[in-house]
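Since chain H is already given, all that's left is putting chain W on it; use the hints.
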Amino acid sequence: MNFDLTDEQQMIVDTTRKFVESEIVPAEEDLDPDAGSLEPHDFERLVAKTKEMGFYGLDIPAEYGGPGLDTTTRALMAIEMSQHRAGLYNPCYGVFGGAGLAQLYEATDAQKERWLYPTLRGEKKGCFALTEPSGGSDPARAVQTKGYKDGTEWVLNGSKLYISGADKADYALLFARTSDDPGRNGVTAFIVDTDSPGFFVRRVVHTLRATHYATELQFEDLRVPEDQILGEVNGGFAIANDRLSRQRIPYAAGCIGPAIKAQAMSIEWAKSRETFGSVLAEKQAIQWMLVDNEIDIRHARYCVLEAAQKADKGLRFRTEAAMAKLVATEAAGRVVDRCIQIHGGIGVTKDLPLERWYRELRIRRVGEGPSEVQKLIMARDIIGGSFK
Amino acid sequence: MGIRLEKNWEILNSTSIEALPGQLGVYQIADKDGQIISVGYAGAKEPFGIRSALEREILLHGNVATQFRYEFTSNYRSRWDELLMLHIYDYGELPEHQRNESSRVGRLHPI
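Quick note, the sequences are listed as chains H and W, same order.
1 is the number of the first residue of the first sequence in the working numbering; add one for each residue after it.
1001 is the number of the first residue of the second sequence in the working numbering; add one for each residue after it.
If you're looking for bench data, these hints aren't it; they were derived computationally from the structure.
Heads up, simulated DSSO-like pairs for lysine-lysine below, C-alpha to C-alpha not over 30 angstroms straight-line: (1) 168(H) with 1045(W); (2) 271(H) with 350(H); (3) 1045(W) with 18(H); (4) 1045(W) with 350(H).
Since this is a predicted model, take the numbers as computed values, not measurements.
The following block holds chain H by itself, in its conformation from the complex (with noise of 0.2 angstroms):
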């Protein structure tokens, strides 16, 4: 693996890292510690100035009007744009726009006029869901919505848990049980508007996480036309599945900023802060603690850059991304806290961005597939399928 930047990609990280330090840093200043948005008149101003970098709707593919970015330039612009306090689940406050839901890039044209296009516009907003209250790690099994077939449409009864957005999203990716099939092959993918009759949701969940909160939905007899369907009857797992792949490298990535970021304020802090007549720069204590960071933030680099890599070059990346996702989550989570030690008091205080990124991290173990469940994928991979 190669790791050095090309001219490109370098500009592309120096452009990005100004624009968070000289546009995003200040505008968040005034805002809620635990603030989620920017004001109405910084947000326009932003998009504005990313659109004319060339950058808003990152993720959208080229075919669609995106600027193309392969995976580890994309990776390397999520280590850049999270390295602010809302970062971590709000990187940039959304100013680079979004792509929509990454499935409705394989949708039917009628269904790509109707949800994908005005979403790429910004005139619409979906959300993903698929975890249940009988589980998330699993989804295949723990589907336990039902769906049966009563002429031309579909009629859905079942809920969902830990559903971000769903309480402003104009429509949503929602996975039913269709058929006997206890397992992976009984799921099937709908798309579905949210003012649909029989599609309630219930309730806040509120989390470590106290922007950007999580919902829970219920649908009584919510009924669903058939052109409605995602891919095939019975084929939402894979559609599930196959977001749940490629969104590790990313989700990753989006972790390691924060650290670095804690790591430089750390440095800073132990270069000033004077205690039993030295600087805590000098005492050995602190000095490990912000070589363990280093070690934790390379590592964490590393493997997300060697599994975007593989992902550029078209080579199977399964593995490497579970473990960039295992290694980045926890070892960002390990620095913020190691930050947190060096800095004192004033490290758990709101004053300062640390005791966020704190909370915020420990959901990135769960979030995404658990720790546990990547080195499931892992173990498969190594060992082979035959215990799958």
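Here is chain W on its own, set in the frame of chain H:
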């Protein structure tokens, strides 16, 4: 636990506010008839948490605001959004001075 803020109303004045700890949380302000005129939160920017937020509410709505109820929570942002959504569900729209939040607030259909 119900998701609505269903605690008893307390009299809104400087004395009652002074008795509160300076913690973070959410609150509702109402007029003498119990009509809610503000749903707010006390975030970490407030020098004395919910005390500071309620003092500001008196300045803004002191002529009509006579009651308040509150809940301490470190999840004040998501709880605030939840209360705003509930308010829209129960009353059809947000309190008048908060209608600029409408485009940001989601939809909730509690059981």
